[in-house]
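Join the two chains into one complex using the hints; note that each chain is given alone, in its own frame.
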Amino acid sequence: MLAKRVIPCLDVTDGRVVKGTKFVNLRDAGDPVECAVEYNRQGADELVFLDITASSDGRETMEDVVRRTAERVFMPLTVGGGIRTTADMRRMLLAGADKVGVNTAAIHRPDVVDEGSRAFGSQCIVVAIDAKRNDRGSWTVYTHGGRNATELDAIEWAREVTDRGAGEILLTSMDADGTKDGYDLELNARVSDAVPVPVIASGGAGNVEHMISVLREGRADAVLAASIFHFGTYTVGAVKEELAAAGIPVRPVMDRRG
Amino acid sequence: MPEPHPSRPLTGLIDYGAGNLQSVNNALLSLGESARIVRTPADLEGISRLILPGVGSFGDCAANLDAQDLRKPILQWLRKGRPYLGICLGYQILFEESAESPGVAGLGFLAGRVERFAPHAGLKVPHMGWNTAEPTDPSHPMWRSLGDDSPPWFYFVHSFFPVPGDPHVVASHTLYGAPFASAIATGGLWAVQFHPERSQDNGLTLLRNFLDHTKAPSPGYETPSRVP
Numbered sequence: 001m002l003a004k005r006v007i008p009c010l011d012v013t014d015g016r017v018v019k020g021t022k023f024v025n026l027r028d029a030g031d032p033v034e035c036a037v038e039y040n041r042q043g044a045d046e047l048v049f050l051d052i053t054a055s056s057d058g059r060e061t062m063e064d065v066v067r068r069t070a071e072r073v074f075m076p077l078t079v080g081g082g083i084r085t086t087a088d089m090r091r092m093l094l095a096g097a098d099k100v101g102v103n104t105a106a107i108h109r110p111d112v113v114d115e116g117s118r119a120f121g122s123q124c125i126v127v128a129i130d131a132k133r134n135d136r137g138s139w140t141v142y143t144h145g146g147r148n149a150t151e152l153d154a155i156e157w158a159r160e161v162t163d164r165g166a167g168e169i170l171l172t173s174m175d176a177d178g179t180k181d182g183y184d185l186e187l188n189a190r191v192s193d194a195v196p197v198p199v200i201a202s203g204g205a206g207n208v209e210h211m212i213s214v215l216r217e218g219r220a221d222a223v224l225a226a227s228i229f230h231f232g233t234y235t236v237g238a239v240k241e242e243l244a245a246a247g248i249p250v251r252p253v254m255d256r257r258g
Numbered sequence: 259m260p261e262p263h264p265s266r267p268l269t270g271l272i273d274y275g276a277g278n279l280q281s282v283n284n285a286l287l288s289l290g291e292s293a294r295i296v297r298t299p300a301d302l303e304g305i306s307r308l309i310l311p312g313v314g315s316f317g318d319c320a321a322n323l324d325a326q327d328l329r330k331p332i333l334q335w336l337r338k339g340r341p342y343l344g345i346c347l348g349y350q351i352l353f354e355e356s357a358e359s360p361g362v363a364g365l366g367f368l369a370g371r372v373e374r375f376a377p378h379a380g381l382k383v384p385h386m387g388w389n390t391a392e393p394t395d396p397s398h399p400m401w402r403s404l405g406d407d408s409p410p411w412f413y414f415v416h417s418f419f420p421v422p423g424d425p426h427v428v429a430s431h432t433l434y435g436a437p438f439a440s441a442i443a444t445g446g447l448w449a450v451q452f453h454p455e456r457s458q459d460n461g462l463t464l465l466r467n468f469l470d471h472t473k474a475p476s477p478g479y480e481t482p483s484r485v486p
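In the order they appear, the protein sequences are chains A and B. Residue 119 in my numbering sits at position 119 of the first sequence; the count goes up by one each step and never skips. In my numbering, each residue carries its 1-based index in the second sequence increased by 258.
Next comes chain B alone, as it looks inside the complex (with noise of 0.2 Å):
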C-alpha cells in the first residue's frame, strides 16, 4: 500500500495479533487515509500518530504488546504528548489493571482500573449496541460536527470499562446502569470505549476530527491548526 509523502503525517495503526484491524483500516481508507501496520518498534519509525484497535482480552493485548517488544515504545509515545486513539481495548490498556486479567498489569500510562459490569436484571452484559457519550466539554475537537444538538450514538461492545483516577480526562460518560467514561482526552492522547468504526457516519465524524486534530507533522496538538 503506497504511504503518503513524508511530507504529510503518518498514521500508524498497531497490530497485535488478536485484533481485527480491517474494520478500522477501512473506515481510514474510507476517510483517504493509508496507515501502516505497526506489528514491531522499527514500524514506529516516521509514524506521526498511532491509532491502538482492539477486541479480545486485556491479558492478551497486554502480552502480545510485550512479546511484540511495543510496551516501552507506546509508553514513550504517549509520554512525550504524541498523538494517539485508542479503540476499546486501546482505550482500557492504558489503565494499570482490569478485572478481565487479574496480575496483568496494563500499560499504567493512566491511573485508575479497568472494571465488569456487574450483571442485574435488565442489565445485559456484555453492553452491546449504540448509545449516547454525553460530552464533559463539547468544544473539545474530538466532539467536532458530533452532537450539536444531542449527545451523538455510537457502537460498544464491551463487558468492561476503565473507571480513570483523575476525572479530569474524562471526555465523555455513557449511562449503563450507572454512567462509565465512555471517552477520555488528555494532550495529544484520545480514547474511547465505543467503537468509531463501527458507528456509521459519527464514527467516521470522529476518526476524521482526530486526523484534522493531528494534521500538523510536529507534534503541535496542543494548540490544534484547524484548517477550514
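Next up, chain A with everything else stripped away, as it sits in the complex (with noise of 0.2 Å):
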C-alpha cells in the first residue's frame, strides 16, 4: 500500500538554511547538506529545498548544494525557487534533484509547465501554489512569497497546471504558513478531490494532529513541514509512529546508525 509521505523543507539562501516565520525573519540554522543528511538517517521520505537565494550567484550555489546532497543522500530531491526555464531545470536535474518546483515562473508564462513535463516527464514537475482565503469563499493564488495576489482561483488554477503537465501539486496556505495551529484542510480537501496527481500540504504544521487531519479530512498524500523538524520538537521516526498509531499508512522507520 502506498504509504503517506513525510517530507521536511529546508529553506536555503546562498547555501546556508533559513527558516523564516511568514517567509520574514529569516534566521541561519546551518548547512543543508547536513541537514539533508540528518534527515536521511531519520527516515525522511524526501526533502525539499526551497531556494529563496535573490541574486543570481546564489542560483549556482544552489546548484552546488544540490549536487553535494545527492552525492550523499539517496532519497527523492525536490528543489524549488527561482525556476523559470526549462534551463533552470534541467541544471538542477542534472545536478541531482529529482523534481523541480516552479512557482511564479508558471503563473507568469504557463507554458513553461507544459515544456517541462515535456522535456523531463511529468514526475518531475512540481507546481508549487500559494493560496490565501478571499472573502468570496475561495482562494486566491498568491506570489512572491504571499506578497502579491493574482487573479487566479487556487482550485481552477491547479486543475490547469496538471492539465498541462504537472506531476504533483505543493499547495502552501498563506494563511495558515507560520502559525502552526494546523494545515488549511478544506483547501487541500478541495484540490485534492479537484486535481489526479498527489498534493504535498504545506503550511500550519504544529504537531502531529494537524498532519493526522489534513492526510485524512484534507486528503493530502503527503505532508510537508520545516520548523517542527529543523527546531527538534519531532523526529521524523517521532512524526511516523504517531501516524501509524492513528492508522495512517507510513513508511515505518528503520534503526539506522551513522
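Since no wrong hints were added, every one of them can be taken at face value.
To spell it out: a stretch of chain A is covered by chain B in this simulated footprint if at least three of its residues, at any positions, have a beta carbon under 8 Å from a beta carbon of chain B; those stretches are: (1) 1–14; (2) 94–107; (3) 120–126; (4) 189–198.
Honestly, the hints are just simulated from the structure, not real lab data. Note that beta-carbon positions come from the ideal geometry of N, C-alpha and C, so glycine has one too.
What follows is the structure, encoded as C-alpha cells:
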C-alpha cells in the first residue's frame, strides 16, 4: 500500500539553511547538506530544498548544494525557488534533483509547465501554489512568498497546471503558514479532489494531529513541514510512529546508524 | 574516472540522453563501483554487466536507443542472458509496446505490454512515493537482506506499469489499486519499476545484491558465486 509521505523542507539562501516565519525574520540555521543527511538518517521520505536566494550567484551555490546532497543522500529531492525556464530545470535535475518546483514562473508563463513536463516527464514537475482565503469563500493564488495577489483561483489553477502536465502540487496555505495552528484542511481537500495528481500539504504544521487531519480530512498525499522538524520539536521517526498509531499508512523508520 | 582492473567485472551504465544518470551513478559510487557510461555500441566492449536507468517517455527511450545504435547490441546482450539491471523505463522498454507511446516498438525481449494506471477516486497518478514490493520468491538473490520480516519498501514514481506475458518472470508484486509486477527476474535479467537509487538503504542493498550476484567475470550468474 502506498505510504503517506513525510517531507521536511529546508529553506536555503546563499547556501545556508534558514527558516522564515511567514517568510520574514530569517534565521541562519546550518549547512543544508548536513541537514539533508540528518533527515535521511531520520527516515524522511523525501526532501525539499526551497531556494530563496535573490541573487543569481546564489543559484550556482544552490546547484552546488544539490550536487553535494545527491552524492550523500539517496532519497528523492525536490528543488524549488528561482526556477523559470527548462534550462533552469535541466541544471537542477543534472545536479541531482529528482523534481523541480515552479511557482511564480508558471503564473507568469504557464507554458513552462508544458515544456518542462514534455522535456523531463510530468513526474519531475511540481507546481507550488501559494493560496490565501478571500472573502468570496474561495482561495486566491499569491506570488512572491505571499506578497502579491494574482487573479487566479487556486482550485482552477491547480486544475490548469495538472492539465498542462504538472505531476504534483505543493500546496501552501498563506493563512496557515508560520502559525503552527494546523493546515488549511478545506483548501487541501478541495484541491486534492480537483486534480488527479498527488498533493503535498504545506503551511501550518504545529503538531502531529495537524498532519493526521490534513492526510485524512484534507485528503493530502504528503505532509511538508519545516520548523517542527528543524528545531527538533519532532524527529521524522516520531511523527511517523504517531501517524502509524493513528492508522495512517507510513513507511516505518528502520533503526539506522550513522 | 578510473576503471577497475580488467579482471574485475566492469559495470556499464547506459546513457540514452533523456535519463538522469547521475543519481544511479552516485548510488553505485557509494557502493565503491565506478561504472562506465555507455553511449555507443563500442562502449560496451569489456563490460560485463549493464544497467539501464530511466526517466522520460517510452517513445523517447526507444528513439534514442535507435539513434545511438544500441537497440541491437542490447537485445543481443539480453538474448545471451548476460547480467542486466533495468530501472523504471529500463524495465518497461524490455516489453513489446506501451500505452505511453502507441505504435513505438520496445525492445520486445519480453512478451507483454506496458499499461497506464487508470485514475479513479483515491488513486492518484503518477503512483508516487514509497510502497512495498512483495517478493514472489524471497530466496531470490535480488531480495537478499531485504524484507526478512516484512516486504521491503521502495520509492516509486511512474504512471505506467508492465504486464508481463509470462507470469513466471515476476519477482515481486506491488499493490496500487490492483497488484502489478513491480520487479521481474529471469536468468541474468533483473528489472524493477521502483528506483533503488532513491530508496535509501533498501535501494542500496538491492544494487549491492545485483553487483554481488554478477561478480563472476564470465556470465556464470545462473549459479551465483556467493562470497560470504
